[in-house]
Amino acid sequence: MAYYAKSKGQRVVDWSVHYGLLACYLFFALFPLFWLFKVAVTPTKLLYSEGIRMWPSEMTWTNFTQVMTDTDFPQFFINSAIVSGSTAFISTLIAAAAGYSFSRFHYRGKAVIIVLMLVTQMFPLVMLIAPIFRILTPLGLTDSLLGLVVVYTAFNVPFATFLMQSFFDGIPKDLEEAAMIDGNTRFGALVKIIFPLTLPGIAATLGFVFTAAWSELLFALMLVSSPDAVTFPVGLLTFVSKFSVDFGQMMAAGFLALIPAAIFFFLIQRYLVQGLTAGAVKG
Amino acid sequence: MASIQITESTKSYGNTAVLHGIDLNIQNGEFIVLVGPSGCGKSTLLRMIAGLEEVTSGSISINERIINDLPPRDRDIAMVFQSYALYPHMSVEENISYAMTLRKSPKEKIASAVNGVSSILGLNGLLERRPKALSGGQRQRVAMGRAIVRDPQAFLFDEPLSNLDARLREQMRSEIRKLHRKLNATSIYVTHDQIEAMTMADRIVAMHDGYIQQVGTPLEIYDKPALKSSHSTGLISLKARRFTCLTLKKSCICLMLGQKCGWSLLYKFP
Ligand SMILES: Nc1ncnc2c1ncn2[C@@H]1O[C@H](COP(=O)(O)OP(=O)(O)O)[C@@H](O)[C@H]1O
Ligand SMILES: [Mg+2]
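Going line by line, the protein sequences match chains H and D.
Just so you know, we're using our numbering here: the first sequence kicks off at 13 and counts up by one.
Just so you know, we're using our numbering here: the second sequence kicks off at 19 and counts up by one.
Heads up, some of the hints might be wrong.
The calculated lysine to any residue pairs, modelled on SDA-like cross-linking and capped at a C-alpha distance of 25 Å, are [said to hold, decoys possible]:
{"#": "1", "chain 1": "H", "residue 1": "Lys57", "chain 2": "H", "residue 2": "Phe207"}
{"#": "2", "chain 1": "D", "residue 1": "Lys150", "chain 2": "H", "residue 2": "Ala215"}
{"#": "3", "chain 1": "D", "residue 1": "Lys122", "chain 2": "H", "residue 2": "Phe207"}
{"#": "4", "chain 1": "D", "residue 1": "Lys127", "chain 2": "H", "residue 2": "Thr197"}
Calculated directly from the structure, the hints in this document are not laboratory data.
Input sequences plus hints: build the corresponding full structure.
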């Protein structure tokens, strides 16, 4: 970026606007999380009696301990982790393969496949629930984590493919051609040269699919009824009973549900940092 | 070291013919320059020799052996790309030694080869760096190093200097020629710059619209430009720019008469 000499006053103004806007955004994005945590640590008896306060006069972890010990939430977490992890892994694998082929090869029917994949993204999911339920039942895939993985993978692969394709498009073809001349097979060039450069793309795709599956409610609610296969978004609904909502425990469970996602992003965030391809070609 | 024969080779993408019946015999150790306007099929021909594009019809052989169906890795050919195509996640040293590593050469042999190449190209202090920490000229040298370290049958260059500024380009031109004299490996060099063609080539291959129009030494091409090629490849514009070439025994000095600044020594080669 070009550097222009600026007066000190101008720089202070720039700085304030820059960080001011960031602060507004952060406040907007993080306040609900804060509120989630605040309600989770508020004792139930104070929840309605204290009115609206930024912090309760008394703090408690009982909501958390109750969620962990008295409810099925640990099981729901494990289910969610299995479903989201598998979906993320399988979808990204398929998307990487498909995206690479879209990016590098020309073949008959490619345009048709791309259009079909776009078409699948156009329907509201609600429309598809009944047919999907009808398809999965005879296969024994309702009420099972595998069924959820299949459905989530099917719905996430098209977008993930386009995402991966755009990352492959960003890597010059010359690189794998150079690697092939240097002595690699095409597959070897893909694994040794292209794959390390696509790690940010793979991380982004994994993250995208993981969060989509982690927070999916509609299919999880409709396709699963036995408690063994309930994922946590559906589990949250168990706190809503006919006569009351146990907000404290619900918020505590919600807060706990953030942790795996946070860990997941913490693990992949260093690959999300772009700029690895700089210097590959001139420019 | 190799001779290359291209026989009646054509290339089409779908129904569009890009190369029409190319015939060319390249001698062992020759420095061939393919010259012609952009889009005339120079890169395509080079990539067919490298094995990156399929040959639609006809044949390409190295040392009399037809290699049409051989994958790039089995052709023992090195290529320098216009974009350099350095591996961004590897250091200069790893970039240069990659081909040898893939061929599982012994460690000591790789190390001494890398050392040799980096001192020839002046890359000694840069071996640990990543490509993105190099200047354009340095990247170009790494790309060259990656090619020569392998001691291949033939070198292919696709406009390797077009991303450099004029001064560096001139310097690299003479270095590439020097390297060629030293290694004496068969080289095919693609450019659209007629000065580059005139000053570097043992033989020039002038191309236009997917046809070879003329093959000859720089002096032959200069003296008797084929009518069509003179128009199309712009070699005649050398005359328009008032080039004068003198032959001194086997050496030749090309002098350019600038419009205003009189005679200036443009280039010298043996
Ligand atoms: N993959 C491709 N599909 C279709 N046409 C191509 C492809 N690659 C090159 N061409 C065409 O082939 C012709 C020659 O290209 P190229 O060999 O790159 O020219 P040059 O290197 O001489 O500038 C151009 O007209 C170009 O449009
Ligand atoms: Mg070209």
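For each hint, the structure was consulted:
1. H:Lys57 to H:Phe207: Given that 25 Å is the threshold and the Cα spacing comes to 55 Å, the pair is violated.
2. D:Lys150 to H:Ala215: Status holds; Cα separation ~22 Å.
3. D:Lys122 to H:Phe207: Measuring from Cα to Cα gives roughly 21 Å; hence the hint holds.
4. D:Lys127 to H:Thr197: holds, 23 Å
Taken one by one, the earlier hints fail for this structure only at number 1.
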